[in-house]
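Asker: Chain residues, written in single-letter form:
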Amino acid sequence: DAKTTQPNSMESNEEEPVHLPCNHSTISGTDYIHWYRQLPSQGPEYVIHGLTSNVNNRMASLAIAEDRKSSTLILHRATLRDAAVYYCILSISGAGSYQLTFGKGTKLSVIP
Amino acid sequence: NAGVTQTPKFQVLKTGQSMTLQCAQDMNHNSMYWYRQDPGMGLRLIYYSASEGTTDKGEVPNGYNVSRLNKREFSLRLESAAPSQTSVYFCASGQGLRANYGYTFGSGTRLTVV
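In order, the protein sequence lines correspond to chains G and S.
Residue 79 in the numbering used here sits at position 79 of the first sequence, and the numbers go up by one each step.
Residue 92 in the numbering used here sits at position 92 of the second sequence, and the numbers go up by one each step.
No wet-lab data here; the hints were simulated from the structure.
Keep in mind that this is a model prediction, so the values were computed, not measured.
Among these hints, one or two may not hold up.
[To be verified] List time: in silico DSS-like cross-link candidates among lysine-lysine, alpha-carbon distance up to 25 Å:
id, chain 1, residue 1, chain 2, residue 2
1, S, K71, S, K9
2, G, K3, S, K57
3, G, K69, G, K104
4, G, K3, G, K69
5, G, K107, G, K3
6, G, K3, G, K104
7, G, K104, S, K9
8, S, K71, G, K104
9, S, K57, S, K9
[Claimed, not checked] Rough simulated footprint, nothing fancy, chain G against chain S, three-plus residues with beta-carbon under 8 Å:
id, region
10, 12-26
11, 47-58
12, 65-73
13, 76-83
A virtual CB, placed ideally from N, CA and C, is assigned to each residue, including glycine.
Model the full structure from these sequences, guided by the hints.
Answerer: What follows is the structure, given as structure tokens:
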């Protein structure tokens, strides 16, 4: 499986945008980019995923570099509830089942 | 909707005891997964079921067995628990990548083996 590299930790001020980076220089043309987050003492929560184009949903935006070797998860306005570990994951594409391999992620702290 | 329900939430076992962790989803998802998470670590895939009637090994299957009972339910069995299996266990369900959502995870089972 292709690997991702994320900073161990980041800090953000409340109500400011947050840009969480992820490098995946060995990504293949068929790998999707996924982001999940895990709040303390909870199971992971899906945030967003994409293949080539930038993606937006109610939680966040995913900006994918043109060469797909890196991506950025954008939280438009951080709240205290966004303090969590954020995982950037690659998966093989396909219409059916796919498997996700979680690394250690980026621990995001939000300062009031 | 309940989403993904795991039972029990907490369990303490003695070394050598057996138990089954239960997982049920009500979202009509085809695929289901079992992960474990050790302190300070990411999640590791134990087993998964791409569809009803199929199961496959993940990254760390040794010491575990699974059963996909029907489309809704996917159980994880520890036949002879060991202290190294002390962990938080998460069940998840999902559809394919073309869906506009990802996996849904349960709230976890915290297992301690003494």
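Asker: If a hint holds in the structure, say so; if it doesn't, say that too.
Answerer: Hint-by-hint comparison with the structure:
no.	hint	result
1	S:K71 - S:K9	holds, 22 Å
2	G:K3 - S:K57	holds, 20 Å
3	G:K69 - G:K104	holds, 19 Å
4	G:K3 - G:K69	holds, 11 Å
5	G:K107 - G:K3	holds, 18 Å
6	G:K3 - G:K104	holds, 12 Å
7	G:K104 - S:K9	holds, 24 Å
8	S:K71 - G:K104	violated, 31 Å
9	S:K57 - S:K9	holds, 24 Å
10	12-26	violated (count 0)
11	47-58	holds (count 4)
12	65-73	violated (count 0)
13	76-83	violated (count 0)
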